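Undergrad: If you read the sequences in order, they're chains A and B.
If you read the first sequence in this note's numbering, its first letter stands for residue 1, the second for the next number, and so on.
If you read the second sequence in this note's numbering, its first letter stands for residue 194, the second for the next number, and so on.
It should be emphasised that the hints constitute simulated quantities derived from the structure, not laboratory data.
Here the structure is a predicted model, which is why all the values come from computation and not from measurement.
Please note: incorrect hints may appear among the correct ones.
[Unchecked claim] Taking beta-carbon pairs under 7 Å as the criterion, some of the chain A residues facing chain B (in silico):
#1 Gln29
#2 Glu58
#3 Leu66
#4 Glu70
#5 Pro75
#6 Met76
#7 Phe99
#8 Gly111
Heads up, the beta-carbon is just placed ideally off N, CA and C, and yes, glycines get one too.
2 protein chains.
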Amino acid sequence: MKLLEERILKDGNVLGENILKVDSFLTHQVDYQLMKEIGKAFANRFKDAGLTKVVTIEASGIAPALYVAEALELPMIFAKKAKNITMNEGILTAEVYSFTKQVTSTVSIAGKFLSPDDRILIIDDFLANGQAAKGLIQIIEQAGARVEAVGIVIEKSFQEGRGLLEKLGYPVVSLARLDRFENGQVVFKEADI
Amino acid sequence: MKLLEERILKDGNVLGENILKVDSFLTHQVDYQLMKEIGKAFANRFKDAGLTKVVTIEASGIAPALYVAEALELPMIFAKKAKNITMNEGILTAEVYSFTKQVTSTVSIAGKFLSPDDRILIIDDFLANGQAAKGLIQIIEQAGARVEAVGIVIEKSFQEGRGLLEKLGYPVVSLARLDRFENGQVVFKEADI
Chain A
1 MKLLEERILK DGNVLGENIL KVDSFLTHQV DYQLMKEIGK AFANRFKDAG
51 LTKVVTIEAS GIAPALYVAE ALELPMIFAK KAKNITMNEG ILTAEVYSFT
101 KQVTSTVSIA GKFLSPDDRI LIIDDFLANG QAAKGLIQII EQAGARVEAV
151 GIVIEKSFQE GRGLLEKLGY PVVSLARLDR FENGQVVFKE ADI
Chain B
194 MKLLEERILK DGNVLGENIL KVDSFLTHQV DYQLMKEIGK AFANRFKDAG
244 LTKVVTIEAS GIAPALYVAE ALELPMIFAK KAKNITMNEG ILTAEVYSFT
294 KQVTSTVSIA GKFLSPDDRI LIIDDFLANG QAAKGLIQII EQAGARVEAV
344 GIVIEKSFQE GRGLLEKLGY PVVSLARLDR FENGQVVFKE ADI
């Protein structure tokens with residue numbers, strides 16, 4: 001997605017070996033116009049896939065997932081990273097380790113929002129090692145629902161996430177793919193959209 | 194906001210003494226159409242207030258705040274509940290106790306996204322004891338920016354949040370105000386919009 005790649009080059013910050021900070025438009029401050037374009041791009045790709053729901057994980061996945069849901073006219077569900085006292089019956093869970101935050105979280109979705117008839121598009125802001133997406137897949141499959149694909153805003157193609165998900169049988173569709181960082185600049189691989 | 198009150202009566206669940214669960218359209222599964230209407234309602238109220246940014250707190254505040262930001266054509270910032278290794282310089286923080294989750298979190302916003310010229314609308318999904326909104330106000334004022342008002346989707350009017358914020362001098366504008374629960378049903382007070 002040209003617009004996204006240009007925005008990453010303009011406003012993204014490369015930190016150290018493998019961190020791209022996009023907190024001015026995606027992960028902290030959010031540009032709703034860019035989110036709308038992201039929503040349209042995914043919707044255009046998946047409009048004929050018979051999807052019933054969009055699933056993401058709090059917190060940075062919510063903004064793009066919401067606009068994907070709007071463009072596809074579907075409900076969006078965001079998985080929770082910690083159990084809540086108002087959420088106690090029929091919860092489906094998976095353990096997810098976050099390398100960024102260096103913690104293992106129990107990720108959960110209330111089972112009542114997923115059924116065997118559901119065909120799900122997972123959306124997340126970043127794909128690195130694939131642990132978050134894998135956890136969401138585990139939860140969705142516990143409900144007997146089907147994951148059609150994993151849609152990613154920014155894929156770190158130098159990490160193992162895409163390979164892991166593809167090996168498990170799930171197509172990955174990424175709007176921007178980071179091949180490597182060179183002198184503090186991002187070098188992209190060809191994106192899926 | 195009539196549409197929201199009707200939705201709460203239809204799909205909300207009263208649990209115990211003082212919990213209203215709205216996880217089928219706001220706090221877990223999200224109805225983007227309702228979020229759009231919420232965005233328009235706040236924008237209509239604040240369109241002439243000279244606002245520059247919308248601020249919320251992860252995670253359930255993000256969906257309504259994003260559509261408020263869209264309707265007002267502004268950037269949205271969501272405060273973080275835990276420090277992130279990619280977020281390390283110039284961070285403004287406040288301590289917030291959540292009665293729902295029974296934990297104290299350090300809430301933070303990167304200082305570079307707030308300036309003394311900013312006029313902020315805070316948006317949150319729930320107002321109960323007012324601790325989250327108070328923490329956001331503290332952060333925003335550390336940056337020298339001005340909080341114009343606090344916009345709330347669902348206010349628990351039987352808790353002290355509104356009184357606390359008004360005493361501090363901040364107008365509270367709520368789309369639905371829960372007066373009390375009677376036989377497991379919500380009884381509303383007159384809403385602000």
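Undergrad: Looking back at the hints listed earlier, which ones does the structure fail to meet?
TA: Violated: hints 7, 8.
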